[in-house]
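Participant: For reference, the chains in residue letters:
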Amino acid sequence: MICRTKRCEFLTEGMGALPFEIIGLLQPPFTFDTIRNNYPGCLQRAAHWQTQRKLATQSYVANPLYAETCSTSCQRIFPLSWIPRAADSRLFLESGLATSFCECKPPALKRILALAVVALSCFSSSVATHADVLPVDFFQSTHLIGGKQGSSLSDLAKSLSNGGYETAEGSNVRLDKWYAARSVDIRLDFITQISPRLGVLWGFSTGERGEKYTIDPSFKYGFLAVYPISKGSKFSFSATTTIGGRFRERSCTADYGDIGGVQQVNCRMAATEMDPAQTLNHLVNQEPSNRNQVSLQYTINF
Amino acid sequence: MKTVRSLIAASIVAATGSAFAQVEAVDMAAPLFNANWQSSDVKAAFNSGYTGQGTRITVVDEYRATAQQITGRMLAAGLQRQTHGYWTSEEANLTAPGATIVRQQFATGAPISLAPTGLNVINASYGMVAAYGLTNVRLGGTETSMVSYAKNGQAVVVKAAGNDAVNMLTRNVYGQNDYLSVNLKGAKSAIFVGALDKNGSATSKANIASYSNRAGTDAVVQKQFLMAGVAANQTGLAGTSFAAPIVSGYAAILGSKFKTAGATQITNQLLNTARTDTINGYNVAVHGRGEASLTRALAPVAIR
Numbered sequence: 001m002i003c004r005t006k007r008c009e010f011l012t013e014g015m016g017a018l019p020f021e022i023i024g025l026l027q028p029p030f031t032f033d034t035i036r037n038n039y040p041g042c043l044q045r046a047a048h049w050q051t052q053r054k055l056a057t058q059s060y061v062a063n064p065l066y067a068e069t070c071s072t073s074c075q076r077i078f079p080l081s082w083i084p085r086a087a088d089s090r091l092f093l094e095s096g097l098a099t100s101f102c103e104c105k106p107p108a109l110k111r112i113l114a115l116a117v118v119a120l121s122c123f124s125s126s127v128a129t130h131a132d133v134l135p136v137d138f139f140q141s142t143h144l145i146g147g148k149q150g151s152s153l154s155d156l157a158k159s160l161s162n163g164g165y166e167t168a169e170g171s172n173v174r175l176d177k178w179y180a181a182r183s184v185d186i187r188l189d190f191i192t193q194i195s196p197r198l199g200v201l202w203g204f205s206t207g208e209r210g211e212k213y214t215i216d217p218s219f220k221y222g223f224l225a226v227y228p229i230s231k232g233s234k235f236s237f238s239a240t241t242t243i244g245g246r247f248r249e250r251s252c253t254a255d256y257g258d259i260g261g262v263q264q265v266n267c268r269m270a271a272t273e274m275d276p277a278q279t280l281n282h283l284v285n286q287e288p289s290n291r292n293q294v295s296l297q298y299t300i301n302f
Numbered sequence: 303m304k305t306v307r308s309l310i311a312a313s314i315v316a317a318t319g320s321a322f323a324q325v326e327a328v329d330m331a332a333p334l335f336n337a338n339w340q341s342s343d344v345k346a347a348f349n350s351g352y353t354g355q356g357t358r359i360t361v362v363d364e365y366r367a368t369a370q371q372i373t374g375r376m377l378a379a380g381l382q383r384q385t386h387g388y389w390t391s392e393e394a395n396l397t398a399p400g401a402t403i404v405r406q407q408f409a410t411g412a413p414i415s416l417a418p419t420g421l422n423v424i425n426a427s428y429g430m431v432a433a434y435g436l437t438n439v440r441l442g443g444t445e446t447s448m449v450s451y452a453k454n455g456q457a458v459v460v461k462a463a464g465n466d467a468v469n470m471l472t473r474n475v476y477g478q479n480d481y482l483s484v485n486l487k488g489a490k491s492a493i494f495v496g497a498l499d500k501n502g503s504a505t506s507k508a509n510i511a512s513y514s515n516r517a518g519t520d521a522v523v524q525k526q527f528l529m530a531g532v533a534a535n536q537t538g539l540a541g542t543s544f545a546a547p548i549v550s551g552y553a554a555i556l557g558s559k560f561k562t563a564g565a566t567q568i569t570n571q572l573l574n575t576a577r578t579d580t581i582n583g584y585n586v587a588v589h590g591r592g593e594a595s596l597t598r599a600l601a602p603v604a605i606r
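Chains as they are written, first to last, in the numbering used here: chain A, 1 to 302; chain B, 303 to 606.
It is worth saying that the hints were derived from the structure and are not from the lab. Positions of the beta carbon are idealized from the N, C-alpha and C atoms, including for glycine. Hints should not be assumed to be uniformly reliable.
Where chain B lies over chain A, by a calculated footprint (3+ residues, C-beta under 8 Å) [what the hints assert, rightly or not]:
1) 155 to 168
2) 249 to 259
Here are the in silico distance ranges between beta carbons for each label pair [as the list claims (entries may be wrong)]:
3) A/183 <-> B/405: 51 to 61 Å
4) B/476 <-> A/251: 49 to 59 Å
5) A/169 <-> B/472: 26 to 36 Å
6) B/338 <-> A/278: 29 to 39 Å
7) B/450 <-> A/172: 37 to 47 Å
8) B/405 <-> A/182: 52 to 62 Å
9) A/287 <-> B/604: 27 to 37 Å
10) B/522 <-> A/171: 38 to 48 Å
11) B/453 <-> A/169: 23 to 33 Å
Start from the sequences, fold in the hints, and give me the full structure.
Facilitator: See below:
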């Protein structure tokens, strides 16, 4: 990704050699109105930053979007070693020594992730007032926390594969050929830490296919917030939701000969007493059972 | 011309152990039945709840209070003592509980009424017996309507094969013949049903019951001859009279699945899907098309 330098405004002094064009300089102390008035390109960022500042009564809170985009996209400006701790951040902002704005445009995926982080940040801002949000590198702050092959819906497909029946002429029809997975669903779950007390939970699954069913790929997202109660105890709260992952069963084409002709039918129920058309009402079309999850946990160390 | 009037209902072979207690008549709407006499096909159908809805089974039989009372056990609740017609209609009901059961006294002369919609099945667990070799026999109004419906494909007519242990339409030991069967021969929606000694399976094959009439050598009869298991050791009731209501129930269940199918199509489906691998020493001249299989009759010919 190329950082469009002419739209990057660097407001600092004493930061050393920089690869970006310095298009403005504000001497401290400065206000956000100063930024807005002098550097319209930074308007959105500044406004958001200001919002964050208002929310943070005790300290200025760095804009997570700002941290995300600039710390990852413009790493040469802000190497991780530079990323200020909360106290540093407050110091910088209060003294007006250094801050920066960057209009680097992340690729679509990263943009989505960044938006998710912003949304999450807004959602949890009321509870994260005292949290010290760190501008961190996305990849370095992201950890794989779970991986699994199969799911409850994979198990459902497996259960549908049991048994079979005979055709009118006595040939065996085995359901396992229709409900055996060609590729089993694989899920990976990650956490991206955005502060010592807040992380974004996210993950995805590959989906699964059999001849007569499909489990759609899914994307899972949410957050984990940790609240220390005392030195040895803490509450943690997490909430996630999943998009996609639906189980869809497909029908079969059955030939009943003179008595019923050719009809679409639920593969599993073709030989039951049920009207073939009615069996279609029993095709499985099911969301993941754990689509929305909320967890509250109290941990005590002893 | 000779008119054959009320003749002999299908004979009942008494079960061993006759110390049966008499119980009240059963509530037909609540079939807590002794399912051990039924095939696994029927149990599965019953459990699924799709058991003949939208069809009518008219059981033409003996219901008069003065008729012989027979003791048997089809329900888990205990023994019952009732006339032949109440037994056969109860058996049809237990096979296809969703079907409307209509009881009609045989040989009254009253034509059988058909339901205006849905499949009609007529069960005839009796015969119209007279001396063998008569020509120009005239049946009464009830049976005439039954034969007409079978020939026109208006109702599936299921006829008990008879308990004389002879080939169909041949002279029995009394020198008699069943003229209802004679008239139903070749009718496009008529089925003759003989009895097996149990419900057969590929691993536990059944034999023809000792009393049951056989399909015989007439190819026309062979093509419309089925068999069904009669578990007399469970019910205390034996005879092809109790084979026919099973097939009537099967027809009703098929009719509730294939709502647009006519009586002839239902009949052919039952005949074409009969199993021969569940019968010991299957022989078309004995067993006709084989043992009726509800499972196969419900199944598609092919599926993909």
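Participant: Hint by hint, where does the structure go against what was stated? Just the numbers, ascending.
Facilitator: Hint 10 contradicted; others consistent.
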